[in-house]
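Asker: Listed in order, the protein sequences are those of chains A and B.
Going by our numbering, the first sequence opens with residue 58, and the numbers climb by one from there.
Going by our numbering, the second sequence opens with residue 58, and the numbers climb by one from there.
Hints are computed from structural coordinates only; laboratory data are not their basis.
Nothing here was measured: the structure is a model prediction, and the numbers come from that model.
We put the beta carbon where it would ideally sit given N, CA and C, even for glycine.
Each hint should be verified, as a subset may be incorrect.
What the hints assert, rightly or not - Negatives, chain A to chain B, calculated, CB over 10 Å:
| # | residue |
| --- | --- |
| 1 | Leu74 |
| 2 | Glu82 |
| 3 | Arg104 |
| 4 | Lys109 |
| 5 | Leu151 |
| 6 | Asn192 |
| 7 | Ile203 |
| 8 | Lys206 |
| 9 | Arg255 |
Unchecked claim - Which stretches of chain A does chain B cover? Using the computed rule of at least three CB atoms under 8 Å from a CB of chain B, they are:
| # | segment |
| --- | --- |
| 10 | 134-144 |
| 11 | 266-274 |
Number of protein chains: 2
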Amino acid sequence: MRIVLFGTGNLATRLGLALQSKKAEIVQVYGRTESSCSHLAEMLGCRFTVSKENIAENADLFLLALTESAIPEVLSGLKIKNQMIVHTSGSISLNSIADWSNNCGVFYPLQTLSAQKEVDFSAIPVCIEANTPVNLQILHDLASSISPKVYHINSEQRRQLHLSAVFVCNFVNHLYAIGEKLLSEQQLDFDLLKPLIRETAEKALLFSPEEVQTGPAVRGNLSIQEMHLQMLEQHPQWQQIYKQISLNIASTQKTH
Amino acid sequence: MRIVLFGTGNLATRLGLALQSKKAEIVQVYGRTESSCSHLAEMLGCRFTVSKENIAENADLFLLALTESAIPEVLSGLKIKNQMIVHTSGSISLNSIADWSNNCGVFYPLQTLSAQKEVDFSAIPVCIEANTPVNLQILHDLASSISPKVYHINSEQRRQLHLSAVFVCNFVNHLYAIGEKLLSEQQLDFDLLKPLIRETAEKALLFSPEEVQTGPAVRGNLSIQEMHLQMLEQHPQWQQIYKQISLNIASTQKTH
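Same shape as in the complex, but just chain A:
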């Protein structure tokens, strides 16, 4: 399996390295600038190009590790023979690339990737979809080479999965950030909260989160909630977040 990797960001880097160490071969990196391409190509031990005309014609698969908005521009003018085009996005459908090739698919690793931290791909669920059973099998084999957790997920499911990920990852991280800032206002170290962050996550791995909900909102303790809202008076946006989530916790509980 000869792959051209489109993109040079976090996802392209992590995915390229994980695939290259297995049975796939990244033959080329395509990116916007030489500086970004050359670094990744060197890590992968392959060629690179910034020109669509020079993209390897003998590749089997074009892997688009790009932001959604960059995909149409990259695909337009691309010479495609029988190469399979595969995107890696949680939020766009398989159909959005189906006009460009008879062979297309989606390869969506469900994880938060950042430059600062290595990830172990073997713990990451890879969600795949393809336009034919044969192509699905190709992607299944590719995904299985880097992770034991391969899921066949259709476009509507993947979109919802991505939305859920925004709540449990992006939004959760923002709540951590608010916690850190609240502590610094009282000259307290963020380390104080770390055991609690760890335990809260571990609990969610063992139990249904709704069943282990704790805190003033689920207890219906309004006097503490009012005190908290007063304490947040200098931070009207945090106040709004506090109100909305507390309201929703209380109303969730009422329906039981």
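Here the structure of chain A is known, so what remains is to put chain B in place on it, guided by the hints.
Answerer: For chain B alone, kept in the frame of chain A given last:
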């Protein structure tokens, strides 16, 4: 150190068991009903009472592992000689119990406790405060016997710490619950999100959360955010939460 433990809930149980296995001696459990008291007293191998008149007079410390609102009622009519009264709440001050005894303090373990899951107290920060240096030393020794992480935290700091804990624990857990429900609407298993939940928490243990923020809001990707809000149309409260947190992520980023 002879302790009377007030309360029979999660905190009383976990704290009682942790202390009893160390140098402290829980001599008695006080609670509202015989059924709740007797079970905990049996676990601790001590006596119990539901009557304030029968509370052990030779105890050194009255440990109030109660909800804040129950404290005044329990303290009123209590015979106090020189016993130190200690509450375990994040959100009320040391002064709120200072009228009841010349010796008072706070012993606040910063963790989420639930009946379903054992906790390892040695990983839990214990935040202490007392009305005299001597009493602080007594609580320091007691706290050190169950955790290496003992912090001297004043009432104002503790109140802010508790508010932060609501964000990073109670509210985070609620976002996990929303994620689980969104998945179930598409017949997807919550297991899919667990590696992401774990990784997001682990990242916060290593980096400042604001610096590793990811997602559509921090990238300023409005078209995905609009799609997500449409997908949440059947859940107006989740829509509000999505809007408020995304707004705050975006405005935080702008100030950089």
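Asker: Where does the structure disagree with the numbered hints, that is, which hint numbers, in rising order?
Answerer: Hints 8, 9, 10 contradicted; others consistent.
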